[in-house]
Amino acid sequence: MTTLTSGAPQAGRWRRPLPAPVTSMAWTVWRQHRSALTWLGAVLLALGATMLVAGIQLHRLYAVEIRHGCLGPSAWSHVCRPLQNTFGFGWPQSYTGLVTLVMQAVPVIIGVFLGAPLLAREYTAGTVRFAWTQSIGRTRWAVATLGLLGAAIAAVTCLLGLLTQWSVQPVAAQTSRLADRWEPGIFGSTVLTAPAAALLAFAIGVLAGALLRRAVAAMAVTAACAITVANLTYNRLHYWLLGQGTELTRDQAFGAAPNVGDLSGGVLTIHETAGHSTPGPAGAWLDQGWYTSASGHRLGDGAVNHLLNKYTGTGPAWLTRLHDTFWVAYQPGSRYWLFQLILAGGTLLAAVALAAATIALIRHRRA
Amino acid sequence: MNVIEATRLGRRYWTTWALRDCTLAIPAGRVAALAGPNGAGKTTLMHMAVGLIAPTEGRVTLLGGRPAGSREALERVAFVAQDVPLYQHLPVEDMVRVARILNGRHWDQSRAERRLAAMDIPLRRKVGKLSGGQQAQVALTIALARRPELLVLDEPLAPLDPLARHEFLAAVMETAAEDGTSVLFSSHVVTELERVADYLVVLARGRVQVAGDVEDLVRSHQLLTGPAADVATIGGRFDVVHAQQGLAQAHLLVRQRTAPAQPPEGWQAHPVTLEEVVLAYLREPGASALPGPEPVVIS
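Top line first, the protein sequences correspond to chains E and F.
Numbered according to the numbering used here, the first sequence spans residues 328 to 694.
Numbered according to the numbering used here, the second sequence spans residues 8 to 306.
No wet-lab data here; the hints were simulated from the structure.
Misleading hints may appear alongside valid ones.
Computed, partial: chain E to chain F, Cβ under 10 angstroms [said to hold, decoys possible]:
1. Q359
2. R361
3. T365
4. G368
5. F416
6. Q420
7. S421
8. R456
9. I463
10. R563
11. T596
12. G610
Pairs of lysine to any residue, SDA-like flavour, derived with a Cα cap of 25 angstroms [unchecked claim]:
13. F:K136 / E:Y450
14. F:K136 / E:L688
15. F:K136 / E:K637
16. F:K136 / E:S661
17. F:K133 / E:L374
18. F:K133 / E:F440
19. F:K133 / F:A183
20. F:K133 / F:R83
21. F:K133 / E:A542
22. F:K133 / E:A353
23. F:K133 / E:L668
24. F:K136 / E:T350
25. F:K133 / F:L97
26. F:K133 / E:G629
27. F:K136 / E:T365
28. F:K133 / E:G453
29. F:K136 / E:W354
30. F:K133 / E:R361
31. F:K133 / E:K637
32. F:K133 / E:V594
33. F:K136 / E:V594
34. F:K133 / E:Y450
35. F:K136 / E:R361
36. F:K136 / E:A542
37. E:K637 / E:T573
Glycine included, each C-beta is placed from N, C-alpha and C at the ideal position.
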């Protein structure tokens with residue numbers, strides 16, 4: 328009798344009809360990974376809140392600067408100087424550096440703490456033998472689980488990317504190189520590239536978990552792989568990509584005083600945005616530069632060094648006088664979102680390929 | 008219809024065959040026991056049957072030719088794996104809800120509720136905090152709520168105490184009787200088999216040693232007791248599965264394909280129990296009783 332009375336109210340609660348399959352699968356995924364999702368969500372929420380607060384403050388300061396005309400060249404008023412100092416040397420600089428670093432870490436964290444244990448825990452606990460023998464079938468189970476978590480990751484990191492772009496915008500407008508939209512840290516943390524990077528790291532983690540079937544080992548391998556991928560993306564792939572299909576222009580003024588870049592084989596690596604302190608087509612990404620003589624030959628390292636040592640600081644007149652030309656290979660500012668799409672698309676493609684490999688592994692491998 | 012049909016089924020791990028050349032047909036409507044020592048290939052056979060692992064060679068189909076692991080097979084077969092793997096960190100009600108979602112329309116919610124209530128299982132307690140018997144009952148509840156045509160249980164009794172074993176087996180038998188569900192369960196505990204199983208498969212060293220109807224198996228074997236000196240002459244006339252010889256007396260467990268033969272002079276024939284038959288075969292991995300009283304289809 329006791330079982331009947333205690334069972335009756337529960338039955339009512341239970342017999343609620345199930346919502347649509349997607350919603351109920353979402354509940355399943357959430358319920359199973361609740362603790363990981365909760366603390367990960369809390370960390371990302373804290374990050375987002377910090378960016379929101381910092382962004383509001385930066386935009387407020389920026390508005391003051393605009394109101395007082397501080398962005399013009401003659402704005403050395405007593406109102407502008409402290410503001411310009413703040414933007415140039417104060418917390419906005421540290422904030423920009425920190426936020427780009429943290430945004431590079433977010434995919435690694437997602438891959439290590441959500442991706443790697445996802446399947447590894449199922450294997451170690453033996454629960455794959457439960458999950459894969461239900462009516463849903465293992466393929467649909469895997470697609471649903473990865474798809475729903477992927478969608479959640481994409482949504483959250485999209486928002487974080489948006490917050491990053493928006494919050495560093497006033498800093499970028501103050502000629503901070505770090506905050507510039509073409510710089511790897513910002514370029515890789517936009518509304519497009521941030522979710523792509525997060526999904527790739529997640530896919531790496533899931534695959535590592537499926538291959539190694541040990542959560543701790545998979546987490547370690549995922550950390551190593553995701554950090555390597557981030558490192559390669561920010562330090563190599565980024566510069567290689569932006570060097571593709573560049574436009575050419577002559578720039579006497581810049582050539583007279585190239586204040587950045589390494590010289591090798593007569594070619595200066597510039598890797599900077601044209602704009603405020605650097606000459607060149609406004610808003611463009613300057614890739615490389617080199618000198619040609621009047622006869623059209625490229626000058627070698629020795630000749631360039633000689634010229635720069637001799638004439639730096641004397642103004643652009645010397646180049647014209649020697650009939651030399653400074654060439655800049657650049658990426659027009661209008662191509663910014665094209666390259667965003669290329670990087671994000673390529674990253675996403677890699678993520679999808681890894682996810683497909685994981686699902687193929689699940690389909691064909693023993694439990 | 009056969010619930011499980013295996014044809015020259017084999018599975019190799021690296022260089023070791025866990026199961027080899029397994030040809031088997033288990034008819035529908037039976038409670039079939041899969042017996043054999045540890046490492047005989049019971050789990051491997053079951054995992055291939057429910058589609059968890061792919062065979063290295065041969066093939067296995069379920070419920071009248073449905074390929075193992077296919078959607079149509081998965082929907083009709085419920086599997087409770089060894090050590091009852093459930094999500095330990097979930098409360099019972101959430102665990103059951105997960106199972107309900109993973110099974111969609113192939114789910115009988117009221118059956119799950121009734122069973123859990125009858126077993127007095129606390130719904131809000133985490134699965135990992137339940138006793139072994141309760142965990143097994145939750146796993147069985149989930150399996151039964153799927154209203155399977157075939158219920159596959161891998162060593163379901165191993166972690167249970169005698170009372171829990173009794174309750175578990177009673178629940179399985181009840182379902183088999185009520186719904187006509189076919190059951191295949193593995194066990195290395197021989198004593199329990201006779202009470203519940205009406206079909207028996209014995210695996211040894213990765214091969215099928217015995218397969219057949221329990222009644223027929225018991226009827227077709229007998230124990231001959233007589234002077235040890237006669238064993239050599241008698242042995243040739245009977246199909247001796249296992250011989251146990253003392254100084255004066257010998258006990259021969261023999262198999263006869265036709266009606267029980269008259270024991271030779273000086274010998275006595277005794278009927279055997281299923282346990283004795285199984286133990287005899289387990290002691291003699293070389294002996295076999297195949298394909299069983301009713302011819303198994305070998306293709």
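The hints, checked one at a time:
1. Q359: 6 angstroms, holds
2. R361: 9 angstroms, holds
3. T365: 13 angstroms, violated
4. G368: Since chain F brings no Cβ nearer than about 18 angstroms to G368 of chain E, farther than 10 angstroms, the hint is violated.
5. F416: 50 angstroms, violated
6. Q420: Since the shortest Cβ distance to chain F is 45 angstroms, the answer is violated.
7. S421: 40 angstroms, violated
8. R456: With Cβ-Cβ at 4 angstroms, under 10 angstroms, it holds.
9. I463: Result: holds, 5 angstroms to nearest chain F Cβ.
10. R563: 40 angstroms, violated
11. T596: 52 angstroms, violated
12. G610: 51 angstroms, violated
13. F:K136 / E:Y450: Status holds; Cα separation ~21 angstroms.
14. F:K136 / E:L688: 33 angstroms, violated
15. F:K136 / E:K637: 81 angstroms, violated
16. F:K136 / E:S661: Cα-Cα ~61 angstroms, so violated.
17. F:K133 / E:L374: With Cα atoms ~33 angstroms apart, K133 of chain F and L374 of chain E exceed 25 angstroms; violated.
18. F:K133 / E:F440: Holds, because 23 angstroms separates the two Cα atoms, which is no more than 25 angstroms.
19. F:K133 / F:A183: At roughly 29 angstroms apart (the allowed maximum being 25 angstroms), A183 of chain F and K133 of chain F break the hint.
20. F:K133 / F:R83: Status violated; Cα separation ~28 angstroms.
21. F:K133 / E:A542: Since the Cα atoms of K133 of chain F and A542 of chain E sit roughly 22 angstroms apart, the hinted pair holds (cutoff 25 angstroms).
22. F:K133 / E:A353: Judged against 25 angstroms, a Cα distance of about 21 angstroms means the pair holds.
23. F:K133 / E:L668: 46 angstroms, violated
24. F:K136 / E:T350: 28 angstroms, violated
25. F:K133 / F:L97: Roughly 5 angstroms between the alpha carbons, so the hint for K133 of chain F and L97 of chain F holds.
26. F:K133 / E:G629: Judged against 25 angstroms, a Cα distance of about 75 angstroms means the pair is violated.
27. F:K136 / E:T365: Given pair K136 of chain F, T365 of chain E holds - Cα atoms ~23 angstroms apart, limit 25 angstroms.
28. F:K133 / E:G453: Measuring from Cα to Cα gives roughly 17 angstroms; hence the hint holds.
29. F:K136 / E:W354: 23 angstroms, holds
30. F:K133 / E:R361: Given that 25 angstroms is the threshold and the Cα spacing comes to 14 angstroms, the pair holds.
31. F:K133 / E:K637: Distance of about 79 angstroms is beyond 25 angstroms: violated.
32. F:K133 / E:V594: Status violated; Cα separation ~67 angstroms.
33. F:K136 / E:V594: 69 angstroms, violated
34. F:K133 / E:Y450: With Cα atoms ~20 angstroms apart, K133 of chain F and Y450 of chain E stay inside 25 angstroms; holds.
35. F:K136 / E:R361: Holds. K136 of chain F to R361 of chain E sits at ~19 angstroms (cutoff 25 angstroms).
36. F:K136 / E:A542: At roughly 23 angstroms apart (the allowed maximum being 25 angstroms), A542 of chain E and K136 of chain F satisfy the hint.
37. E:K637 / E:T573: Cα-Cα ~30 angstroms, so violated.
In this structure, the hints that do not hold are numbers 3, 4, 5, 6, 7, 10, 11, 12, 14, 15, 16, 17, 19, 20, 23, 24, 26, 31, 32, 33, 37, in rising order.
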